[in-house]
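**Q** Here is what each chain is made of, one letter per residue.
Protein chains: 2
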Amino acid sequence: MVYYPYILIGVRKMDLLYGNAVVGQSGGPTSAINATLAGVIRGMKENLSQGQIKTLYGMRNGVEGLMREQLLDLGKAFDTEEKLQLLEHTPAAALGSCRKKLPNPTEDETFYENLISIFRKYDIRYFFYIGGNDSMDTVAKLSAYTKAHDYEMRILGIPKTIDNDLVGTDHTPGFGSAAKFVAVTVQEIIRDCAVYQIPAVTIVEIMGRDAGWLTAASAIGRVVNGIEPDLVYLPERVFDMQRFYADVRAALKRHPNVVIAVSEGVRFADGHYVGEGTQTGAVDVFGHAYLAGTGKALEMALKAEIGCKVRSVELNLPQRCSAHVASGVDLAESVTVGKHAIKAAGEGISGHMMLFERVSDEPYRVEVKHSDVSVIANRIRKVDDAFICASGNHVTDACCYYLLPLIQGEAGSIYENGLPKHLIL
Amino acid sequence: MVYYPYILIGVRKMDLLYGNAVVGQSGGPTSAINATLAGVIRGMKENLSQGQIKTLYGMRNGVEGLMREQLLDLGKAFDTEEKLQLLEHTPAAALGSCRKKLPNPTEDETFYENLISIFRKYDIRYFFYIGGNDSMDTVAKLSAYTKAHDYEMRILGIPKTIDNDLVGTDHTPGFGSAAKFVAVTVQEIIRDCAVYQIPAVTIVEIMGRDAGWLTAASAIGRVVNGIEPDLVYLPERVFDMQRFYADVRAALKRHPNVVIAVSEGVRFADGHYVGEGTQTGAVDVFGHAYLAGTGKALEMALKAEIGCKVRSVELNLPQRCSAHVASGVDLAESVTVGKHAIKAAGEGISGHMMLFERVSDEPYRVEVKHSDVSVIANRIRKVDDAFICASGNHVTDACCYYLLPLIQGEAGSIYENGLPKHLIL
Numbered sequence: 001m002v003y004y005p006y007i008l009i010g011v012r013k014m015d016l017l018y019g020n021a022v023v024g025q026s027g028g029p030t031s032a033i034n035a036t037l038a039g040v041i042r043g044m045k046e047n048l049s050q051g052q053i054k055t056l057y058g059m060r061n062g063v064e065g066l067m068r069e070q071l072l073d074l075g076k077a078f079d080t081e082e083k084l085q086l087l088e089h090t091p092a093a094a095l096g097s098c099r100k101k102l103p104n105p106t107e108d109e110t111f112y113e114n115l116i117s118i119f120r121k122y123d124i125r126y127f128f129y130i131g132g133n134d135s136m137d138t139v140a141k142l143s144a145y146t147k148a149h150d151y152e153m154r155i156l157g158i159p160k161t162i163d164n165d166l167v168g169t170d171h172t173p174g175f176g177s178a179a180k181f182v183a184v185t186v187q188e189i190i191r192d193c194a195v196y197q198i199p200a201v202t203i204v205e206i207m208g209r210d211a212g213w214l215t216a217a218s219a220i221g222r223v224v225n226g227i228e229p230d231l232v233y234l235p236e237r238v239f240d241m242q243r244f245y246a247d248v249r250a251a252l253k254r255h256p257n258v259v260i261a262v263s264e265g266v267r268f269a270d271g272h273y274v275g276e277g278t279q280t281g282a283v284d285v286f287g288h289a290y291l292a293g294t295g296k297a298l299e300m301a302l303k304a305e306i307g308c309k310v311r312s313v314e315l316n317l318p319q320r321c322s323a324h325v326a327s328g329v330d331l332a333e334s335v336t337v338g339k340h341a342i343k344a345a346g347e348g349i350s351g352h353m354m355l356f357e358r359v360s361d362e363p364y365r366v367e368v369k370h371s372d373v374s375v376i377a378n379r380i381r382k383v384d385d386a387f388i389c390a391s392g393n394h395v396t397d398a399c400c401y402y403l404l405p406l407i408q409g410e411a412g413s414i415y416e417n418g419l420p421k422h423l424i425l
Numbered sequence: 001m002v003y004y005p006y007i008l009i010g011v012r013k014m015d016l017l018y019g020n021a022v023v024g025q026s027g028g029p030t031s032a033i034n035a036t037l038a039g040v041i042r043g044m045k046e047n048l049s050q051g052q053i054k055t056l057y058g059m060r061n062g063v064e065g066l067m068r069e070q071l072l073d074l075g076k077a078f079d080t081e082e083k084l085q086l087l088e089h090t091p092a093a094a095l096g097s098c099r100k101k102l103p104n105p106t107e108d109e110t111f112y113e114n115l116i117s118i119f120r121k122y123d124i125r126y127f128f129y130i131g132g133n134d135s136m137d138t139v140a141k142l143s144a145y146t147k148a149h150d151y152e153m154r155i156l157g158i159p160k161t162i163d164n165d166l167v168g169t170d171h172t173p174g175f176g177s178a179a180k181f182v183a184v185t186v187q188e189i190i191r192d193c194a195v196y197q198i199p200a201v202t203i204v205e206i207m208g209r210d211a212g213w214l215t216a217a218s219a220i221g222r223v224v225n226g227i228e229p230d231l232v233y234l235p236e237r238v239f240d241m242q243r244f245y246a247d248v249r250a251a252l253k254r255h256p257n258v259v260i261a262v263s264e265g266v267r268f269a270d271g272h273y274v275g276e277g278t279q280t281g282a283v284d285v286f287g288h289a290y291l292a293g294t295g296k297a298l299e300m301a302l303k304a305e306i307g308c309k310v311r312s313v314e315l316n317l318p319q320r321c322s323a324h325v326a327s328g329v330d331l332a333e334s335v336t337v338g339k340h341a342i343k344a345a346g347e348g349i350s351g352h353m354m355l356f357e358r359v360s361d362e363p364y365r366v367e368v369k370h371s372d373v374s375v376i377a378n379r380i381r382k383v384d385d386a387f388i389c390a391s392g393n394h395v396t397d398a399c400c401y402y403l404l405p406l407i408q409g410e411a412g413s414i415y416e417n418g419l420p421k422h423l424i425l
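Protein chains in written order, with my numbering: chain A, 1 to 425; chain B, 1 to 425.
Bound-form chain A, shown alone (with noise of 0.2 Å):
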């Protein structure tokens, strides 16, 4: 890990590079992503490059339109500062995205020198991308490339992701309004489920199908106001589904209104998904096989074993783009980190990917720094031990203390005749 301004600037910053820069969004969407693509257009308005990049031009859909030449003159695009903040307030990916994994080089040479003539022919010396795991994954290959290929160029990953699962970085971007998103919904459905007397177990179903970082968010209101989920489960621990009934009916007896909350991706220790429950064997009248879900498979499994009223919510894709829920600090960071990457770029750094490192709690503070994509790419980041209760169904304070500060700050999103106002390019 390096921190550029003072190591860095000294040994590269005579080292100019002159050319445009192109700045692509790949992988799922989030609250965040246009954020940061903002803050690379605002890099490059404020010359952060200190005047090496001179277009910055927008991949439509990432790579698979940067092969189409489908660019995009950014500046020209956002000459308002009304449009740069619109565009930070839209949820989604407004380049477009893409989900394509860049082949091996010793494998299809012919795709690598395809790019390299497309950089050619518009002079591209600065590659970001805005992503996760795959996309980082397209850095270390591209940088790889063309550092072997003698093509002079300075490529940075920039993270993306409601997963929080990459390593290297504190937090990602994106995480942070997701989160808030789920910890915000949960108080709300927490409420919903006390008015009535009868008992009842409401089981939340939400994303991460590897790292339960976006479950575990549905607890910090323990640290706030004192209201959580009776229970959580994290796919980081194996799912017993005894053990879960046990925990059901503990909960029950402490009150009649209970809320669980569970990420999609828990498993049985045979490493099925618990949401395979339903896959196999089950169809519906029509004849198709049934795909249910987590939460689906837990409440159809506990109405059958407790009995009593059961029911699930899956938060779906809301989670990843409910934009007026965002964190304000998240946005606020996702900004800042795309701006950096303008700034490092412009002092030589290439082939890394952009993070933060928490420098304080109290008060929270981070540093944007970067590192080597390629010990970055390909890994998953899981919640660590010490955030998850020894009886496994459900997290520590210090798990709630680490996720706190990256909710709080309000969307201010721009309202128009009662709606969001999106940016649509």
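Any given hint could turn out to be false.
No copy is singled out in the list; a pair is fine if it fits within one copy or between any two copies.
Pairs of lysine-lysine, DSBU-like flavour, derived with a Cα cap of 30 Å [as the list claims (entries may be wrong)]:
(1) K141 <-> K303
(2) K343 <-> K141
(3) K147 <-> K303
(4) K101 <-> K253
(5) K45 <-> K121
(6) K303 <-> K45
None of these hints come from the bench; they were simulated from the model.
Take the given structure of chain A and dock chain B to it, following the hints.
**A** Quick look at chain B alone, frame taken from chain A:
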């Protein structure tokens, strides 16, 4: 329908009735039902009953708590403006709710005799019930019984339902906030769906068993920014599977990202719910019968028929409890209607439901009135024919313009440490 300030004050103002009052919340929660409760308390504190009401009690869990004499002195509980404001921004029913439907007096007179003895014990002469259709039935029955048995009382219903399906009122308190949640969330989902270029269908399932008002709200964006779902299906029209397939195929020809809003209550010509498609015969590997829901049933059917990527999102509980994105207009009107109920009761009105009459569209303006509850209870207000397109797969501009004023203004939630603050009694 009676416009009380001019007609009734003159008739009844001599007819003073001194005593205590009780207020309860009943039926499913909404984001605004507590705002109405706050309005009733404000009406009491502002002495809109002209000194006739001494103490205002809250009944815990509606008439069920009343029967157990679980009463709370609301004047004492809400002794600060801050608490009232918090109540107005707290979703669900702060007093608790119930789903009790009162027996017919001819079948169970003991029930009513017990009630009257509790009224006598606490000197209760005013009864306010905030709720939906079943609550208006309670008001009608109690009103008829007390009148027939010479217990002088003033009984008023105050509507609330996210379904907007009560007759006699322009709209129901609570609906605007749910409509705003739906409109905002569908706009965000449409953004999320727009990022990829591969053909994909996203089905959003929206609450509304018998009336499609809330589903219609998904299309409000049309008259704000031109963004709306491609197709909107309401329970007011027979759902035909073949026509649905044809609609989706046509939409996919126009653009790759098709978004569909569908009411949970859509039915086939034979009267069966579309969601029932998966209720018969389908079992999971635990051997449990499976109930899917409308969106999931359509997702599976589309996958089999068209074969493209299909997913479904059930908006579920957040529709009725997402107070953080409540409509400012709805919250303000909900407070107002509560205050007016105290005023109307003070003027001698009984056996009526409070209601809104829209007196102007531009600028939007409603007057609070009231009408005999016996002609309102147990009826369902469907979406007007003029609000549904001839093709039956979308709503008209007139529908959007009817809905638009109801989602104006932002909630103004009170945040503490990143989370909305709720009042818990």
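**Q** Against each hint, give a clear statement of whether it holds in the structure.
**A** To see whether the hints hold, each was checked on the structure:
Proximity of K141 and K303 under a CA criterion of 30 Å is satisfied in neither setting, with 49 Å inside one chain copy and 35 Å between copies. Taking the shortest Cα distances, K343 and K141 sit within 30 Å of each other inside one copy (22 Å), while across copies they are farther apart (73 Å). Proximity of K147 and K303 under a CA criterion of 30 Å is satisfied in neither setting, with 59 Å inside one chain copy and 45 Å between copies. Taking CA atoms no more than 30 Å apart as the test, K101 paired with K253 passes between copies only; the shortest distance there is 28 Å, against 50 Å inside one copy.
In the homo-oligomer, the alpha carbons of K45 and K121 lie at most 30 Å apart inside one protomer (23 Å), although the nearest pairing across protomers, at 74 Å, exceeds that limit. Taking the shortest Cα distances, K303 and K45 never come within 30 Å of each other, neither inside one copy (58 Å) nor across copies (46 Å).
When the structure is compared with the earlier hints, violations turn up for hints 1, 3 and 6 and for no others.
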